[in-house]
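A.B. asks: Here is how the chains run, residue by residue.
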Amino acid sequence: KQEVTQIPAALSVPEGENLVLNCSFTDSAIYNLQWFRQDPGKGLTSLLLIQSSQREQTSGRLNASLDKSSGRSTLYIAASQPGDSATYLCAVPNGRGSNYKLTFGKGTLLTVNP
Amino acid sequence: DAGVIQSPRHEVTEMGQEVTLRCKPISGHNSLFWYRQTMMRGLELLIYFNNNVPIDDSGMPEDRFSAKMPNASFSTLKIQPSEPRDSAVYFCASSFELAGGNEQFFGPGTRLTVL
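Protein sequences appear in the order of chains A and B.
The first sequence runs 1 to 114 under this note's numbering.
The second sequence runs 115 to 229 under this note's numbering.
I should point out that these hints are in silico values taken from the structure, not numbers from a laboratory.
Think about it this way: if two alpha-carbon atoms lie no more than 30 Å apart in a straight line, the pair counts; the simulated DSS-like pairs of lysine-lysine are:
1) A:LYS42 x B:LYS182
2) A:LYS106 x B:LYS138
3) A:LYS1 x A:LYS101
4) B:LYS182 x B:LYS138
5) B:LYS138 x A:LYS42
6) B:LYS192 x A:LYS42
7) A:LYS1 x B:LYS182
8) B:LYS192 x B:LYS138
9) A:LYS101 x A:LYS42
10) A:LYS101 x B:LYS182
11) A:LYS68 x A:LYS106
12) A:LYS68 x A:LYS1
13) A:LYS42 x A:LYS106
14) B:LYS192 x A:LYS106
15) B:LYS192 x A:LYS101
16) B:LYS192 x A:LYS1
17) A:LYS68 x A:LYS101
18) B:LYS182 x A:LYS106
19) A:LYS101 x B:LYS138
Calculated from the model, a selection of chain A residues having no Cβ within reach of chain B, i.e. all distances over 12 Å:
20) PRO14
21) THR58
22) THR111
We treat Cβ as the ideally placed atom computed from N, Cα and C, and that holds for glycine.
Pulled out of the complex, with its shape left as it was, chain A reads as follows (with noise of 0.2 Å):
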């Protein structure tokens, strides 16, 4: 069964700094690997999706990384930003075949100070 986990489960940072989100899956055999954020009382924004051939994807101020053998992606955020506090949520197919049942992890909620 893939088990997802996201560390930290909360963040506090000031404005302008650097960040790196984690995110490891049980499962290595993975079609993708799918980065959200959510603001609160809302849905999910899709962020960056990276397929299982590529290590990484970039999205303005986003760079999210796969190492796919050892289970594990990174979520970096340049230059934080008030307006980046959300929920940020890592998601990969089950594995095994699956490229649609996506299994969650709890999410990490990031605070950016002003």
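Take the given structure of chain A and dock chain B to it, following the hints.
C.D. replies: Frame of chain A; chain B shown alone:
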């Protein structure tokens, strides 16, 4: 692109009542997912449709839950009868499925409260 549309955004009902949640996926997407989010269990996949056909409903908690997708642009999730433990946020997501995986796009969710 309007994204995934869900209605209603909030629903408050009494135990025993029927509840119907609605979803319009992104145009052109061929896969649709219903999820439930609670503090205790996080996000759970309830059911997955591909080309309007239910492929995996193993996450549907019990027979009180049912989902339909009569066409590519509409899906419903029905709970009958509802119970207080069904209170949660229900998300619909859609994607265009590729062989190597897919990126799922979520709607804003329906916050259901069963009294």
